[in-house]
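Chains as they are written, first to last, in my numbering: chain Y, 3 to 430; chain P, 9 to 173.
Worth double-checking, as some hints may not be accurate.
Claimed, not checked - No farther apart than 25 Å at their CA atoms in a straight line, the calculated lysine to aspartate or glutamate pairs in the DMTMM-like style are these:
#, chain 1, residue 1, chain 2, residue 2
1, P, 31, Y, 414
2, P, 31, Y, 342
3, P, 14, Y, 121
4, P, 76, P, 53
5, P, 14, Y, 77
6, P, 93, P, 150
Keep in mind that the hints were calculated from the coordinates and are not lab data.
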Amino acid sequence: METLTGAHFLWMTIFKVVLFFTLLMLMVGGLVLFERKVAGFIQDRSGPNRVGPWGLLQTMADGIKFLLKEETYPDAALTVFYLLAPMLAMVPATILFAVIPFASPLPTGWGLVHMIVADVPVGFLYVLAIGSFGVYGVVMAGWSSGSKYAFLGGMRGSAQMISYEVGLALTLVPIVLLGGGVRIPDLISLQQGFSGQGPATLGVWLFLPLGVSFFLFFITGLAETKRIPFDLPEAESELIAGYHTEYSAMKFGMFFLGEYAHMLTTAALITVFFLGGWDIPFWHGDNIRVLADGTVIGDPTWWKTVLTFLSFTIKTSLVVTVFVWIRWTLPRFRYDQLMELGWKFVIVAATAYVFVVAGSVLVLDRLGIPFGLLYAAILTGVNVVLLGLLVLVIDRGRLARGAAYTVMRRLERASRRSGAGSATVGRS
Amino acid sequence: MPGEVKVMRRPEEKGSYVRAALKGMGVTFRHMVNPRNVTQQYPDEKWELSPRMRGTHRMATHEDGRAKCVACGLCPTVCPVNCIKLIPAEDESGERYAAVYEIDEFRCIFCGFCQEVCPVEAIHLGVHYENSEYSRERWVYDLERLCAQDQPFTALWDPADPASE
């Protein structure tokens, strides 16, 4: 079946943009309620339950409140940037969704419709590029507000996001090594089995053969979405609300929406990169792929599109649930811990991992092992060993240390120099 | 003498952030799937109040609706925060009554002295706490309003144990 061309393509794309944007916003609304409910349950409360049955209309009430509250413009604010910042915070998070495939291709009377808004050839490089734009909203908001809290939040946000972006990009390099390309639909095909039709694929979701990447991408994804334990730009106990301290009404609402949209996007990216995208596990009927020359492998039907969409939604929701769950479990990092984790662990580990994967791929190719399940199984073994090393050896007291530990070390060194055996320090 | 800083040794060398985080997530997961919800759905469910709970005042009345108050002036005297305003008057038969009797419920500390001191058991505290108003003036209850209250009188002491032993 032909893919869409010409006017049909244009109309269908516009339709998809509207549809997916609406879906995203609806999901954001649901997510806000979901997060507050889960927060309630974890803390032995009920969560929102006054507006509508089970609190279902709470988000709508919040939205109305955002729209009706007074818009404030601080005297010290630089108005142009002050107004631009909320837009810059929201837009990147939402347009990231354009390159995420939601479901298997849908056959229609005019041709095969890909369930992706823009199947860009640069693939996830687009994700990295647009993801980096998120930092502009934060910095601009922090700088233009003319408030010291917002400024500190903005500075922290930019430092954090720039640091973790490096790690984020590096964790995706092993995917290129395995997939041989960056187009996102190809990455999903890579994780599906096609029993010899078309170029060889792994047939395994990448969180197994690239477990360390999955782990590191999860961490950096959390940091990029500025969620606990990485929410230092907001840090309500120190900075009031960080970079959006001075925003009210819908301008704050846009930061809020952007944050949740970013969280959904990150969850969707984790799903696409490591959890097989819209692939349904243990079933080969949904393995549909369109090769570069337009050949369609597999048998696309509308009900498969619906099922794979459900599969995608369920996977993304699970990842989001883990995000929420982490948020209500872990305390916020201290700033030096955050930087240490980013620069001394994530980037180093990701770089080392690129070499390990490259080496493994080289060895496996030399041994003549065909690209497929056995190949994936060996890589999985390597990753299990690496993850074991990470948790059992590397992580021992090194990833996030308390201030007492650092002070202790310094004192020990000082006392060793002065020859005293005790770990006490004199204060005159 | 120099001060000494005591540094606590923590078992950090053995600790692992990832494992500690997973352990914490285990705890929160148990609560997430099985929340021990302790929230009281307040306007729908309310506390059962003790009969000795001291709240909004209520003036006792005769059968014909007149307040029992004889304007003796003991309650404004005993009131530690001066929240009772009383202007006495006499009717044609020479009986004293309160021409003005106002209690500022905002100022009141609900000590219950007025109820204890009242010789005719007119002014009482009530078992009631839900009062909110749109203006401060509305918090000053006049005699009519005090008589119109319908909450049960506070039992200032337990009749079975008057000395609280």
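Verification of the hints:
1. P/31 - Y/414: Violated, because 31 Å separates the two Cα atoms, which is more than 25 Å.
2. P/31 - Y/342: holds (23 Å)
3. P/14 - Y/121: violated (61 Å)
4. P/76 - P/53: violated (35 Å)
5. P/14 - Y/77: violated (48 Å)
6. P/93 - P/150: holds (9 Å)
Taken one by one, the earlier hints fail for this structure at numbers 1, 3, 4, 5, listed in ascending order.
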